[in-house]
Amino acid sequence: MSKDISINVEHVTRVEGHGNIVLNVKDGRIEKIEWQVSEAPRFFEAMLRGRNYWELQPITSRICGICSIGHSLASLKATEDAFGIEISEQTYALRHLAINAENMQSHILHIGYLAAPDLFGVGSVFPLVNSHHRDALLKIVKLHRLANEMSDLICGRTTHPLTLVVGGFSKIPSERQLVELKGQLNDNKGTLREIAGAIKEVADRLPDFSRETEFIALSSDKEYALYEGVITSTDTGKHIDYRNYRDVLQEYIVPQSTAKYAKHARESYMVGALARFNINSRQLSSDALEIADLFELKPICYNPFMNTIAQIIEIMHNIDDSIDWIDFLLDRGLKDEKPVDFRVKEGRGVGLVEVPRGLLVHDYTFDEYGKCVKANCIIPTNQNHGNIQKDMEAFVPQILDKPEKEIELNLEMLVRAYDPCISCSTHYLNIEFIR
Amino acid sequence: MNKPRVAFFDFASCEGCELQIANLEEEILDLIEIVEVVSFREVMKEHSDDYDIAFVEGSIMRPMDEERLKRIRSNAKILVAFGACATIGGVNKIRNQWQPEEVLRDVYGDVDLKGNKFFDVFKTKAVDEVVKVDYYIYGCPPPRDEIKKVITALVMGKKPEIPNYPVCVECKKNENVCLFELGKFCLGPITRAGCNAICPSNGRACDGCRGILSEPDTKCVEDILKRYNLTYDELKHRFTIFNYRREEER
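From first to last, the protein sequence lines stand for chains A and B.
Counting from -17, one number per residue, gives the positions in the first sequence under this note's numbering.
Counting from 111, one number per residue, gives the positions in the second sequence under this note's numbering.
Hints listed in this document are in silico derivations from the structure and should not be mistaken for laboratory results.
Keep in mind that the hints are not guaranteed to be accurate.
Taking beta-carbon pairs under 7 Å as the criterion, some of the chain B residues facing chain A (in silico) [what the hints assert, rightly or not]:
| no. | residue |
| --- | --- |
| 1 | 122 |
| 2 | 124 |
| 3 | 126 |
| 4 | 133 |
| 5 | 171 |
| 6 | 204 |
| 7 | 209 |
| 8 | 211 |
| 9 | 213 |
| 10 | 217 |
| 11 | 313 |
Cβ atoms here follow ideal geometry from the backbone N, Cα and C, with glycine treated the same way.
Whole structure, please, built from the sequences with the hints as guidance.
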């Protein structure tokens, strides 16, 4: 097996943002494997300097088009933490609906539009339109539309939400609209099962690759944690002190990337749907667990390609959880309440949220007038870059005898499995180069 | 009739504008009936440099981005600036109030980044500060209806009609209570409409993401500032979320 391989995928397609894969093999010996991030930095940290507290949500929302609701919620939670604001029960419930809607939207986009073409053997969803997979594609579109309509209803808009404000909501849906939404959510559980069935038929194309690693996600006694929880690791358990999140999420710099990497107990860790599944699967709804059974997914699963499957499972949980929250809201009756009153004060606040790609942290320091003097964000994709690199290093030797094109496709699929949001990961960095 | 060949490109942005294409849902199927999408990195592996219409999302931050944009311009018959970052610079221009070296130092510390092309940044530019732009789709993000309207017009060889009247017109039609009455500072009176006043209709003041009107009614602005006891400095600050350049030119 003495062959030469030179793979240089500039700007991996069907991912959010710009990243490159480089693999050099000479005489069967691996000389270089690199996952590179080449996205332009956007300096969000500087942008927030001197901004009023109410401007932080609309600005940080623009870090990412896909997870703008998650950024907004992390931003509001950080601000509310700093000012000591307690949100109402109704706001708490509606924010759960918001985060569920985004998780569904982002996951179905990834499963259907970004990952599935590899499983169906095409370059994009467009060729599927006039193929025998048309039916499956239409179901994916239908579910994607439902998730977006739900975001429109709860957040005023699906990309860059409008109603999410410090201390509450600027506008809430009507009870009639919530009843309609509940009906649609119920109707679409069948749609999701059919999509899961179609993916199951081609799931054997997901490479059988495992590498032991650490998983980190929020966990909560109350629920399958998305909106809130305690930082939890498969290696070290719970870390209660959320303001010292840096003890766990330790970022560092590598020369080939304009985004940071991160590590904790080992040389890398993974966040996202698979990490959440591995840590919290016992709290999934019974219908979500049924989908896990369909794919025979059990914790702890060390195959990163199964992240896409964990996303399918999570969508079912998001639907069930949303129905529960709608019932809760309808039972107690919607109140036309204003955001809670509060006073700005000097200090620091930290907001933690599980967004589609994993754990997101916003950390702000305010002056006495409520102006932001310092900001830091830890983005899920940053936390995954190191794990992608380590996976590549372990995966390549296993597939080295395959044709070059297939190695390339396998490595692209590996990157896509993480559903990286690269623009996110470089939009907020505070790099210090190790020279 | 041959379908026009269409390509989508992204520069410094959140890629939320391109996401609006996916958010057309079932209508994507109609879209690909009338155009042939030949390049769209975010959703397809295939790529071609042979296209008629280029949609460009994002702001231009570096010499390497400028080069790439110029190549796109020379390949395209029609170039459309797509979204706030591309049309007016958007939030990316917030940092233009400082020198690039200052921002780099602020965010990256005292690290020598000389010679690293990824960090070779100048002050953020909108697309038309680098190449000629034929048409503009405004907004952060652009409304899906407007995207459809512009694409349909271009396919039919017509000039897309973009409103040049203030957001207030749409806001009044939606029967909203004026946000100034509710104590908020809204940029609706001077911002280009076309969004169906989506922010005021959701209880949020307009941030001006669609850009300032070509001829804003300055008398009206003065009246509003006076009536609600607001200052010109506050107005200037409101501009700096999406319209840093416009504010600077004033």
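Go through the hint on residue 133 of chain B and say holds or violated, using the shortest Cβ distance to chain A against 7 Å. Holds, about 6 Å.
Should the interface hint for residue 313 of chain B be scored as holding, given a Cβ-Cβ cut-off of 7 Å against chain A? Since the shortest Cβ distance to chain A is 3 Å, the answer is holds.
Given hint residue 209 of chain B near chain A, where the shortest CB pair must fall under 7 Å: Violated, because the Cβ-Cβ distance from residue 209 of chain B to chain A comes to roughly 11 Å (cut-off 7 Å).
Was the hint right that residue 171 of chain B lines chain A, CB cutoff 7 Å? Status holds, d = 5 Å.
Under 7 Å is the threshold here; is the Cβ of residue 217 of chain B close enough to any Cβ of chain A for the hint to stand? 5 Å, holds
Restraint satisfaction for residue 122 of chain B [CB to CB of chain A, less than 7 Å]: 4 Å, holds
Under the criterion of a CB-CB separation shorter than 7 Å, is residue 213 of chain B in contact with chain A as hinted? 5 Å, holds
Can residue 124 of chain B be said to touch chain A, with a Cβ gap under 7 Å? 4 Å, holds
Is the shortest C-beta separation between residue 126 of chain B and chain A less than 7 Å? This hint holds: residue 126 of chain B lies near chain A, its Cβ roughly 2 Å from the closest one there, short of 7 Å.
Hint check: is the beta carbon of residue 211 of chain B less than 7 Å from a beta carbon of chain A? Because about 12 Å separates residue 211 of chain B from the closest Cβ in chain A, which is outside the 7 Å limit, the hint is violated.
Classify the hint on residue 204 of chain B as holds or violated, based on whether any CB of chain A lies nearer than 7 Å to its CB. Nearest chain A Cβ about 4 Å off; hint holds.
Hints 7, 8 from the earlier list are contradicted by this structure; the remaining hints agree with it.
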